[in-house]
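Asks: Sequence:
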Amino acid sequence: MTSAILVEQVTKTYVSKGQVVVANDNVNLSVPRGEIVGLLGPNGAGKTTLARQVVGLLRPDRGRIITMGIDVGSSVHRLPSVVGYLPQRPWALLEHVVSDALYYTARLRGLSRTAARTECDRLMETFGIESLGRKRFESLSGGEVRLCALAVALVAHPPLLILDEPTNDLAPEKRVILWRVLGEWKQGGGTVLLISHNLLEVEQNVDRVVLMHQGRIQHAETLRSLQEQSVGWRVIRFRALSSPVLENAVNVFLRKSDQIHVRHDRSQVSITCPTHMVEEIVRALSVYRGDIEISPPSLEDLYMQMLTSHDTLR
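Throughout the sequence shown, residue numbering follows the working numbering, covering 52 to 365 in sequence.
If a hint is listed, it holds; no wrong ones were tucked in.
Simulated restraints, written as ranges between beta carbons of each label pair:
| hint | residue 1 | residue 2 | range |
| --- | --- | --- | --- |
| 1 | G240 | T359 | 35 to 41 Å |
| 2 | S67 | A166 | 43 to 49 Å |
| 3 | P223 | D122 | 37 to 43 Å |
| 4 | N77 | T359 | 18 to 24 Å |
Hints are computed from structural coordinates only; laboratory data are not their basis.
Note that this is a predicted model, so its numbers are computed, not measured.
Glycine included, every Cβ here is placed at the ideal spot set by N, Cα and C.
Please build the complete structure, drawing on both the sequences and the hints.
Replies: What follows is the structure, given as structure tokens:
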């Protein structure tokens, strides 16, 4: 089966404040068809730059990108019919009326006049945006813009969706609708590549995760594979009201072993460790006053650990 997205040795740089910034550094990636794939990473990792190249809005300095069988470098004009793209900020839509943007996008993707109107009505009903149809995007709230721009990306059912932080600004009930729609999209054979910082949503809905850091792909594997790798690991969360207590606990465990990963904030220390070390760590924590909770690693735990240690869970 061919890939929905194939990225080969792609490098992209730009100049910021007189300095050359490497946004993507020799990136290689294959996204299988029929999956929902989460593209994760901290701000500045190069995720949006990569997405913009996949849809043909930017050209790589080096390398090749094949999107739905189309060579982006030579046939970018063919992409709009097969790719629905939701940018972080849909500036291109702001001056347009919602229903017009939906209708003309449907027509550009090959639907007849009648089919385009039917499709627009269906999507507006699905997302509950019927009352916004005759409004301009620039007059809408952040959440309304997001919903309407999502509808434009989905109209006429392109086989590939590239969604950059699709649930930002959405109310919880609208997020539920979106994830249901994307699940149905996958069941119908569609492919979704989404950029998100909401790791709980990603964990609940994607088939595969790709981690970018400092312009490079650090991990690309199925969510199930990640979960299987974490079977022999546990996360111990220690909560205390006293900052000095937390600081003492952190200092103890930062020195304790290169097998554990420690992160903390003002109220909690999270220690990711092999299962065989749990009893020892709990015993050490018991000298401090606080609450202890033990659980399997979440995607957020694995994400934080992968950022700091690429091989710890292998």
